[in-house]
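Produce the complete structure using the sequences and hints provided.
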Amino acid sequence: TGHLFGLHDLYVLTGPPVYGSWDLMSLNWSNAAIELNAWNRYIQGWLTDNQVKCLDKSNLSATEVVVSPIERVETGIKAITIKLSDTKMLVIESRRNEGLDVLSPSQAGTLVYTVDMTVMSMQGGWNIQRRTGSTAPDFTDAALKSGDKIIVEGVTIEVLSQDSKGDKVRVS
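Going by our numbering, the sequence shown opens with residue 66, and the numbers climb by one from there.
It should be emphasised that the hints constitute simulated quantities derived from the structure, not laboratory data.
A quick note: this is a predicted structure, and the numbers were derived from the prediction, not measured.
Where hints are given, some of them may not hold.
Below are the DSSO-like pairs computed for lysine-lysine, each with C-alpha atoms no more than 30 Å apart in a straight line [to be verified]:
#1 Lys148 to Lys233
#2 Lys233 to Lys214
#3 Lys233 to Lys118
The following label-pair restraints were derived from C-beta to C-beta distances [what the hints assert, rightly or not]:
#4 Asn115 to Thr79: 34 to 44 Å
#5 Arg137 to Ser211: 11 to 21 Å
#6 Trp111 to Lys148: 12 to 22 Å
#7 Val138 to Thr79: 15 to 25 Å
#8 Lys230 to Asp181: 24 to 34 Å
#9 Met185 to Lys214: 25 to 35 Å
Backbone N, C-alpha and C define an ideal beta-carbon position, used for all residues, glycine too.
Next comes the structure, spelled out in structure tokens:
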């Protein structure tokens, strides 16, 4: 069905996986993370502009945002996007054991990935960014937990807390 909406395949035909099983479009044969990710929802118009906090790396200052889990049908910020270049962005979203996602505590968390719009479907343009210590080949342990901090292309992402409202994230 995703193909009928024009969505990219997030798996690669050759080489190691780069996105894992975090979206229905990522060659996901599991029953775990099968919700569509925030970027796929946004480009389809299923998330409004008010639900996506858009930032630009070129003038980024420390910003704290509470990101509501993507699985919930509610208002609130569902994703943070940071423009890295004219064709590449960083996306931050919250994934929980809710909705269609059946996630273990080790899987649930703040998912961070890059999207390079110059890379064609099945060629690896979407890349999960791993938390420290993540080693699972399918990236199931890649989501950040409270206290985790990673740097992606000069942008620091720190998860300050995770509670029933969502994930409080600082980007700088």
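Structure-based check of each hint:
Straight-line distance between C-alpha atoms of Lys148 and Lys233 comes to about 20 Å, which keeps the hinted pair within the 30 Å bound. At roughly 12 Å between alpha-carbon atoms, Lys233 and Lys214 fall within 30 Å of each other, so this suggested pair holds. Note on Lys233 and Lys118: the hinted pairing holds, with a Cα-Cα distance of about 13 Å set against a maximum of 30 Å. Between Asn115 and Thr79 the CB atoms are about 40 Å apart, so this pair conforms to the stated range of 34 to 44 Å.
Our hint of 11 to 21 Å for Arg137 and Ser211 holds, since their Cβ atoms are close to 19 Å apart. In this structure, Trp111 and Lys148 meet the distance hint of 12 to 22 Å, their C-beta atoms being roughly 21 Å apart. One distance hint, 15 to 25 Å for the beta-carbon pair Val138 and Thr79, is violated here, with the actual separation near 37 Å. At roughly 31 Å, the beta carbons of Lys230 and Asp181 sit within the given window of 24 to 34 Å.
Distance hint check: the CB atoms of Met185 and Lys214 are about 32 Å apart, consistent with the given range 25 to 35 Å.
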